[in-house]
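Chains as they are written, first to last, in this note's numbering: chain A, 1 to 113; chain B, 1 to 113.
Think of the hints as simulated: they come from the structure by calculation, not from any bench. Yeah, the Cβ is synthetic: ideal placement off N, Cα and C, and Gly gets one too. Among the clues, some could well be false.
Claimed, not checked - Computed Cβ-Cβ distance ranges for the label pairs, DEER-style: (1) Ser73/B <-> Asp54/A: 32 to 42 Å; (2) Gly16/B <-> Asn68/A: 46 to 56 Å; (3) Leu96/B <-> Pro40/A: 45 to 55 Å.
What the hints assert, rightly or not - Heads up, incomplete: computed chain A residues facing chain B, CB under 10 Å, no partners named: (4) Pro7; (5) Val11; (6) Arg42; (7) Phe46; (8) Ser73; (9) Phe103.
Here is what each chain is made of, one letter per residue.
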Amino acid sequence: AQSVAQPEDQVNVAEGNPLTVKCTYSVSGNPYLFWYVQYPNRGLQFLLKYITGDNLVKGSYGFEAEFNKSQTSFHLKKPSALVSDSALYFCAVRDSSASKIIFGSGTRLSIRP
Amino acid sequence: GAGVSQSPSNKVTEKGKDVELRCDPISGHTALYWYRQRLGQGLEFLIYFQGNSAPDKSGLPSDRFSAERTGESVSTLTIQRTQQEDSAVYLCASSLNPAEKLFFGSGTQLSVL
C-alpha cells in the first residue's frame with residue numbers, strides 16, 4: 001500500500017531565509033511525487049512533480065524539490081522565503097502500479113517579515 | 001471549460017437527507033478524483049475514475065457514499081442518509097492522465113445539521 005507522511009504540522013521561517021518542508025513516502029513500485037499549495041480561500045494549485053529523470057525538480061514560484069530514493073523523501077525547498085509563501089502545503093504520491101493519488105496531512109508554512 | 005467546476009459551492013442539509021455533489025472536469029481529462037477535506041485536515045481520497053470506470057473506490061467511507069461518471073465528463077458524488085460527520089469540503093480534481101498534475105475545483109462545502 002502507498003503512503004505519504006508530512007512530519008511537521010507547521011514550519012515557521014523568517015523572510016529571506018531558506019525553507020524546507022519535509023515529505024517521506026512509501027510505495028511498492030516507482031513513485032510519482034507531487035507538491036501542491038493551498039492559499040487561504042483559494043483552491044489547491046500544483047507546484048511541481050517528479051516522475052523520472054533529474055532528482056532536483058524546479059517548479060512554480062521559485063520552489064524546488066529533491067527526490068531521494070534511498071531515504072524515500074521528496075522535501076520541498078526554497079532558497080529565500082517570501083511572506084507571500086505563507087500557505088498550506090501538501091505532498092502527494094502515486095504508485096506507478098496503482099491508480100489513486102494520495103495526499104499527506106499538510107504542513108502550514110508561516111513566513112514572518 | 002476553463003477549469004474544474006463544482007456545484008453547489010455550499011450545501012446545508014439536515015441529518016438523514018440525501019445530497020448530490022456535481023463535478024464538471026476540464027474537457028478531455030480522462031482521470032477524475034474525489035477527495036474529502038475536513039476542517040484543518042488533509043485530503044482524504046474517496047474515488048478515482050478513468051473514463052467512466054472507477055478502478056479504485058477504496059476510499060469511500062461507507063455504503064452511503066456512491067459516485068458515477070458519464071460521457072467521460074460529469075461526475076456526481078451521492079451521499080445518502082447524511083450524518084454530521086459527513087460535514088466537510090468535497091473536492092474534485094481532473095487530469096489528462098494519472099501521471100499528470102491535478103487541476104482542482106473550488107470544492108463543495110457540505111454542512112449537515
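Violating hint indices (sorted, rising): Violated: hints 3, 4, 5 and 8.
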